[in-house]
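Engineer: Sequences and hints are given; from them, build the entire structure.
With our numbering applied, the sequence shown closes on residue 420, and no number is skipped along the way.
This list has only true hints and no planted wrong ones.
Simulated restraints on C-beta separations:
| no. | residue 1 | residue 2 | range |
| --- | --- | --- | --- |
| 1 | Arg-290 | Arg-202 | 25 to 33 Å |
| 2 | Ala-388 | Leu-175 | 26 to 34 Å |
| 3 | Pro-64 | Trp-323 | 29 to 37 Å |
| 4 | Leu-322 | Ile-375 | 21 to 29 Å |
| 5 | Tyr-264 | Ala-92 | 45 to 53 Å |
| 6 | Gly-385 | Ser-184 | 31 to 39 Å |
| 7 | Arg-202 | Ala-388 | 49 to 57 Å |
| 8 | Ala-149 | Ile-375 | 40 to 48 Å |
| 9 | Ala-388 | Phe-265 | 19 to 27 Å |
| 10 | Asp-178 | Ala-324 | 22 to 30 Å |
| 11 | Ser-195 | His-58 | 30 to 38 Å |
| 12 | Tyr-201 | Phe-265 | 44 to 52 Å |
| 13 | Glu-261 | Ala-391 | 17 to 25 Å |
| 14 | Ala-149 | Val-54 | 43 to 51 Å |
Just so you know, these hints were derived from the structure itself, not from any lab.
Note that beta-carbon positions come from the ideal geometry of N, C-alpha and C, so glycine has one too.
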Amino acid sequence: MPGNGETVTRRTEDRSGERPAFALSRGLVTLFAVACGAAVANVYFSQPLLVTIGHDLAMSPALVGGVVTLTHVGYGLGLFFLVPLGDVADRGRLIVAQLLLLVVALTVVAVARTAVVLLAGMAATGLLAVVTQTLVAFAASLAPPAGRGRVVGLVTSGVVVGILLARTASGLMADLAGWRSVYLASAALTASLALVLYRVLPRHTDAPRTTLRYGQLLRSTVTLFARERLLRLRALFGLLVFAAFSTLWSSVALPLSEAPYFLPHRAIGALGLIGVAGALAATVAGRLNDRGHSRRTTGIALALLAASWLPLSFTRGSLWALVVGVILLDLAVQAVHVTNQTLIYALHPDAGSRLIGGYMVFYSVGSATGAIAATSLYTLAGWGAVCALGAAFSCLGLLLWAFTRHSAPDTVTGDGR
4 MPGNGETVTR RTEDRSGERP AFALSRGLVT LFAVACGAAV ANVYFSQPLL VTIGHDLAMS
64 PALVGGVVTL THVGYGLGLF FLVPLGDVAD RGRLIVAQLL LLVVALTVVA VARTAVVLLA
124 GMAATGLLAV VTQTLVAFAA SLAPPAGRGR VVGLVTSGVV VGILLARTAS GLMADLAGWR
184 SVYLASAALT ASLALVLYRV LPRHTDAPRT TLRYGQLLRS TVTLFARERL LRLRALFGLL
244 VFAAFSTLWS SVALPLSEAP YFLPHRAIGA LGLIGVAGAL AATVAGRLND RGHSRRTTGI
304 ALALLAASWL PLSFTRGSLW ALVVGVILLD LAVQAVHVTN QTLIYALHPD AGSRLIGGYM
364 VFYSVGSATG AIAATSLYTL AGWGAVCALG AAFSCLGLLL WAFTRHSAPD TVTGDGR
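Structural biologist: Pasting the structure below:
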């Protein structure tokens, strides 16, 4: 691991002789991806552990359900109230500070002996896990415009892996050493990443900083949505694709744990390994965006997303159909997600944290909508109805693209044009 910022970044003079700019090394981009995956995984670790945690702390089923809810509520609040700080504060110091506070929150969860302490720790964990989005915005700000899509794609691939492997990793660790070991191990990893990032992140960048006060900063996030049509459009795409994503991943364990499969939780969690294929889509989509193909990439991805629900509808009869559907869905979702982030950041690089944080609020709304609707619908009407719901979200996204494709640009310049 490099020992200082100069070994992973270097300053290159612009050919025009103007101010120097940081050139990201592949090693630093990989470090960003690892940190993003490790941070976002904390939001999902608890899902396979809920029964065990409930028994250990004598929590009622309703209270146990609040573990996931509060974590996601904290994450949503962090997107709006913490991520925009990246536009006024030094992002490197902000990232390290959030990671260190996240270590404290994870430690609180690991040592909790009462439900109140656990829930408070989970809410704080969700709130601080939004450091993921600060990392994405920082990576985008350090990348040259011509290679920004590639960098965002690589960093987002770390987010994909973190989300999809979190449940598998926590289940395996809990089986070996108990559920508390999951959060202790995550706290140790997060502390190590904070130390490494403190040593390697560039201390100063040429990215402009706004002079807005905190209240003005938050209000300006809303103003950006009111002013930028492309931001609103891409936020809607994000909401719909993550509603479809959550429709699958929040409910797929239900049919797999019933006849004819009766799969154990460990086997169901391993399904996330298949979804890691989405990380490949993130990197490919980033390169396509750099070549000016964002509109086409979005359309193809949304078509694949809609098509994925056909094999997924045959899940009860074929695990192979489920595998095909999962791969198609994850490839599609990550391709749209990377395209969205690349385009909206380019609108106003000086407001990159606000743009990405505001966009991710729509991501969270979509994820919550898909999860609540899917689990409720499965109870009422079964797996077929869940697939119909996911297909509806996907087709809405495809229709939105079809009606707006000629009015949305393939590329955006740094001044928002």
